[in-house]
Amino acid sequence: METPILEMRDIVKIYPNGVMANKGVNFKVMPGEIHALLGENGAGKTTLMNILFGLQAPTSGEIFYKGKKVKIASPHDAIRLGIGMVHQHFMLVPSLTVAENIVLGMEPKRGVFFSKEDAYRITKEIGEKYGLEVPPKERVQDLPVGIRQRIEILKTLLRGAELLVLDEPTAVLTPQETEELFDALKKLVSQGKTIIFITHKLREVKEIGDRITVLRNGKNAGEALVKDVTEEDMSRMMVGRDVELIIHKTPSKPGEVILHVENIEYTPPGHNKLLKGISFSVREGEILGIAGVEGNGQRELIEILTGLREGDSGSVKVRGKELFGATPREIRLASVAHIPEDRMARGVAALASIEENLVVDRYFLPPFSKGKFSIDVKKIHENGEKLVKEFGIKAKSSVVPVEMLSGGNIQKVVVAREFTSNAKLIIANQPTRGIDVGATEFIRNRLVDERDRGAAVLLVSADLMEVMQLSDRLIVMYEGEIVGYFDSLDGLTEQELGKYMLGIKKDAPEKIKEAVVS
Amino acid sequence: MKKTSSFEFIRILVAIGISLILGFLLTLLLSKDPIHAYKYFLYGPLSKTRRIIEFINNSVPLIFTGLAVSIVFKAEQFNIGAEGQLFIGAVAGTAVAILFPHIQILHIILVFIAAMIAGMLWAAVPGILKSKLNASELVSSLMMNYVAFYLGLYFVNYYLRDKNAGFLVSYKFPKTAWLPYLYRRYHFHYGIIVALVFVVLVWYLLYRTKIGYEIRMIGYNLKFSEAGGINVPNTIFSAQVISGAVAGIAGAIEVTGLYHRFLWQNLPGYGFDGIIVALLARNNPIGVPFAALFLGYLRTGARIMERQSDMSAEMVTVLQAFVILLVTAQAFLSTWKQRMIEKASRKEEEENE
Ligand SMILES: Nc1ncnc2c1ncn2[C@@H]1O[C@H](COP(=O)(O)OP(=O)(O)O)[C@@H](O)[C@H]1O
Ligand SMILES: [Mg+2]
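Just so you know, the sequences run in chain order A and B. For the record, in the first sequence the residue sitting at position 347 is 347 according to this note's numbering, with numbers rising by one throughout. For the record, in the second sequence the residue sitting at position 138 is 1138 according to this note's numbering, with numbers rising by one throughout.
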């Protein structure tokens, strides 16, 4: 049998917070293959790859590279061995040009001076060699995500990578960009490179993977040749049971308008206009989805709606009450719930207990307040225990600090709070990003339940599956504008939606105006 | 969680142990009779009733400033203004003690209230400067210490000074403005009781009230608190002002309990000690009296050692520095901690199988 290019044996990783992210993982990669590392979020994939790349030290375990035992103490060691990694979050310098980023740390010199011409030439050559063309002179900040990713890949190739690790490369890409990436990966393999590709999208594995290794809860859950398994098989390996991520949802029965957004404009200081007159409305009993590649103004729009950012002009009415420029407290008291995009930054206080996290919007109201000044810790505790049970939060009790929970359970804490405030409007921004299938299914179904209870739901998601599955009506944002509106999602395909998201297609203004209903 | 907090406790104990050993080595090096000197340092404060009382009295202002600093630190804000707040509290207390009618009980209470209000006002200035002009609270609270000092001395000198005394001190307070004694000898006054009451009050404030919840949440995660609807600037301001009140009353306790007149010619340094106490107590009000008594003990021990041997009391500053360094150094004992965590995780994992 051929020697594997990489073998990781019995890898254990325990983080300083006590999380055992890898529990004796074995991982083998053959030269010249595209190896998909599969697993739900939190399964330990990134951890395993960070160990391979020298970013984390394993608690125990061995690594063999090309048959020899190696010790990888830093990314520097990894690069020297010929291992390259493209992280989940890119690590480029936005203000530098493409070429400067690519040669960063190994700048070509003429005498003692940095030679721009050489950098451009090197960038052009390596791009051509691998069929990954990039504009050498442009600044990274002006380029779309797909191109940035190519730059990251080229960076590793220039440093001599033979084994390339890509951590969830398609999470931020449109369907079209994904296709281009796959073409490039195939080309790299044909030139003798080996690729480890992390994902939890099974269709992609089927499309380009040769072999898979599945992790579940920090342990090996299966290994197979892609051609021998079906998507159902893989999904069963990932979650340990049959999952059907189908949301049971009846047609919406919209009532009166709850949220009315008109002409929101916003220009961040020192930047170009980011929101160019956004108008739409959401009625009770319906879910309005906002689709779009991240970074097209969705975040800022939601922050303005929830009082976390000051917009330049416009109007935000909730049940007729003007809330443009109001504080988060005023907005919440107007019966608005908010599931923030970044749960660790805004969704929870990681060091506080679950039960304290569950009352941040209501500790000052009965039954949690006691008199004018005090809080009733007994009531807060009871509420905590009740919601932990009701939302299936995996924790010994509600006094456990949130930081001890896995990503999916942390998000359940957030939704347990936001879904129990009996809000008339729920603003959910990326409600299931980066969490396991079980929790995703739960949260999506609850969101539909909230709709059926009569709440108006505004859903922002970069996950196409999610917006398409949950939305009753849909708008698409591109570069701070609404470029598409669908009053029904029947017959809409991902491909079609992708064209709007990339700015290739745009609806007529009259059509977009229909997003405002009355 | 339990594991990590008991770890913190052990870490502090080990840090103290190591510092005491280092202190002994230092004594070995510097003293002609090191055993004698170090014995006074270690046992001195407990060797006589007078010394026990001295050490407890010394700890009282440290408890107050430790609490004051803890409140602000809990909100992840910085405060080096406790020094000035305490000083101005003492001045305001002195003014009321001397100028107000001498009515039993009411008088001393008025003294305390005045001290607290003065402390609050002093703490409010950096807060307002911060919110209106975005001036760093670090710099302005430090400046306010000097303002308190010079303004306070000026005020005492021109309005409250006892012309018959040979140096700059205020008139002696009337008896109605004395903090009562627990035990008349050696000035064992009620300060320690008031301090312990404040420990409970501050604990209640932080863990059982709305403002306490707000303070802790913004300390844990400011952006989360903001998104949850907490008024962050107001909370920061409140934390500073409440802290100012606690520091202010400490000044009044000192003048009404120990001296019965105002006699400070320098900033007494309790505000900065409060930072050390808060650090050792990990900002937990319940830990504050222990940390303060510990520091008070060291200080008293050092003073006794100085009186009884050829060692200088300055040694305690060195010890203090060791303890702080070790307690705050993240890496200290971290491998051990990591091993403990790994063991616990593995065990939990096996139990789950
Ligand atoms: N730096 C870290 N410190 C502590 N825990 C971490 C850290 N990184 C990841 N974890 C935890 O380890 C587990 C595995 O995470 P990760 O390797 O990122 O999974 P995946 O990439 O498969 O989604 C999760 O429970 C996560 O919360
Ligand atoms: Mg990951």
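Keep in mind that a hint or two might mislead.
Below, a list of computed lysine-lysine pairs in the DSS-like style, where the Cα atoms sit at most 27 Å apart [said to hold, decoys possible]:
#, chain 1, residue 1, chain 2, residue 2
1, A, LYS379, A, LYS249
2, A, LYS396, B, LYS1343
3, A, LYS28, A, LYS68
4, B, LYS1210, A, LYS379
5, B, LYS1343, A, LYS386
DEER-style ranges, computed between Cβ atoms [as the list claims (entries may be wrong)]:
#, chain 1, residue 1, chain 2, residue 2, range
6, A, LYS378, B, SER1131, 32 to 38 Å
7, B, SER1136, A, LEU365, 31 to 37 Å
8, A, LEU365, B, ASN1266, 47 to 53 Å
Taking beta-carbon pairs under 8 Å as the criterion, some of the chain A residues facing chain B (in silico) [to be verified]:
#, residue
9, ARG9
10, GLY347
11, ILE375
Read the hints as simulated data drawn from the structure, not as lab findings. In this text, a Cβ means the ideal position worked out from N, Cα and C, and glycines have one as well.
- Query: Which of the numbered hints above does this structure break?
  - Reply: Structure breaks hints 1, 5, 9.
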